[in-house]
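One line per chain: the protein sequences are A and B, in this order. Residues in the first sequence are numbered consecutively from 9, following the numbering used here. Residues in the second sequence are numbered consecutively from 2, following the numbering used here.
Incorrect hints may have been included.
Said to hold, decoys possible - Example chain A residues on the side facing chain B (calculated, C-beta under 8 Å, incomplete):
no. : residue
1   : 183
2   : 186
3   : 359
Hints in this document: simulated from the structure, not taken from any laboratory. Where is the CB? At the ideal position from N, CA and C, for every residue including glycine.
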Amino acid sequence: MTTSMENGNSRNAVSRGLLRAGATVAGLLALLGVAQAQDASTKGTVNIVGFSGVFADNYQKFIIEPFKAKHPGIEVTYQQSKNSAETLALLTLQRADPKIDIALIDVAVAIKASKDGIFAKLDPAKVKVLDEMPAWARLDGDKAIAFSQDNLAILYNTDTVKQPPTSWNDLADPKYKGKIAAKLGDTRGVILLPILDKLAGADYKQSIDPALGLLKKIAPNVSTWEPAPDCYAVIQSGEVDLSICWNGRAQYLHDTQGGKIGIAAPKEGSIGQTNTIGLVENSKNAAAAQLFINYALGTEAQAAFAEKSFYGPVNTKVNLPDAVAARIYGSKEAQAAQMSLDWNFVAEKYSAWIQRINREVIALN
Amino acid sequence: MSAAALPAAGASSANASRGVLLMLLLPGLVALVITFLLPLIWLFRASFASSTMGAFSGGDWTVQSYSAVLFDPFYWRVAWNTLVLGFNVAIFAVILSYPIALFLVRTESRFRGVLTALAVAPLLTSSVVRTYGWMVILGDRGVINSTLQSLSLTGGVIRLTNNSFGATVALIEILMPYAILAMLSGFGRLNPQLEEAAAMLGANRVKVFTRIILPLSAPGVLTAALLVFVLAISSFVTPRLMGGGRVFVLGTEVFNEATVTLNWPLAAALSVMLLILFSSIILLYQRALRALET
């Protein structure tokens, strides 16, 4: 009796529990439905301007397409731009009547553009994923957000270089005399200086003299400071043995062009060329655009893009498979030594550093 | 309008025809102003903007870009490099083109038209393509270096490109067709009968050349030299690709300031200075031409 009562009670309790759980689930589902309905109710077009070539293909496939699948009411267009300077010129021209809602742009240019009022501050209530971004990535008061980092690496010709370099110091090895291509009069140089400073035990915020000192030791090995057509082709053609260039594109070429390009991620770690995403001030589709930014910075999009493009993700919640991490950052030792820059500081120094590289290193060699 | 009607109509008709002439010129003038003058004015204005930021929003006037250039010895060296490159290219391009142009003017071959077309045919391909051609020829593993090495004439690689030598050689070849064209059109005063007359009066071939041909062809030579010089000092692609980043000329600096460091006012100021350089060279040229023709 008691047992049956208990049984009955417990059965009742179970069924009540089930009911409650069911109600909760239903409620949750309903909530989700509302949320989805809200998302789906956001209509419009998001016009993006960004980098060209393989980047554009990957961005389209692994970020824009999945976003559109989730938000059938939103159309997304992607306009390719040759470089960030061209993007900036476009945004400046359209300042009064912007046709672009989102710009993907190099970090140094982004900070300049943002200071000039090109970008709008993102709304943390709409771009919730901002919480997951590290402090260094939220630039100029959330007006531009870093979304990817493409590491500077040493590329080598796998036919002629049997022992790949392991350290940035190898660039100064006399056996590479006249065998290095190094385009350093741009972001590449601006990133290499803090790396070399670290090798010399100095801090880029104090002085870049130690880095320039090291660079002068590398200079006699440099065949060209202006590799043509670019820093990848000169490796593939065998014109040089080593080239200082970006990891992501080199990994892609390694996979698609028969492995002639080898990529060495130096053990001292590296720094990534950082790309940012920004909402254009006075955008006519700000709501849809922020929905897109929220997706593009989320873990799903970040992980997918990193795996396909070998650009390091920025969202702190992204966990990369070991194999992918190794191809983006190199060995565990190199991964531990990976650096990030205070871009607000570096953007201020950008032209001055390039000028010093041009005048003190390149013009004399 | 018939010839008989002209005197009868008198001054009013002359005015009317001048009006018609102006109307006919108008579309061309408007096109010139839009495509040529307005950008120049814009460039001039931009060179006086402050360089806080790549974007030029107008507003303020400042000479900071000019003082940044004028008080910086680096830019003086860049300007000097540019002039040296221009002179070297102009002199060698003219010396190499002169015999070709002279031959094309004087030849009685029925293939003259074809030969002339061949001489200027390189203009049909982009100078970028031709620059790449020179990179293949002069490169460390290029035709010249590999030939020298297989003949064991040199110990190591001779650096023929990625420096100002490579840039100069490539520019000379790339600009030669312009020199040939300019000389072909400038050699109109050359007359074989004058040479025959000189020869009959006892001048040998050297004398005929130095006393007759050279002075008469001087205006054409001068025009060719000016054209090549102007094209050389404003060139950008070839010094950039052939110079290996080591050749700093005004063209490459304008490009760097405009696209890398995004200092558009400074780029504009450098361009205005390049324009001033052009204008003074052209003034000098006109003086020289007048002196030659009188």
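Quick rundown of the hints versus the structure:
Given hint, residue 183 of chain A at the interface with chain B, is violated; its Cβ is 14 Å from that chain's nearest Cβ, farther than 8 Å. With a cut of 8 Å, the hint placing residue 186 of chain A at the interface with chain B holds, because the nearest CB-to-CB distance is about 7 Å. Here the hint on residue 359 of chain A is kept, as its CB sits about 4 Å from the closest CB of chain B, short of 8 Å.
When each numbered hint is compared with the structure, a violation occurs for hint 1 only.
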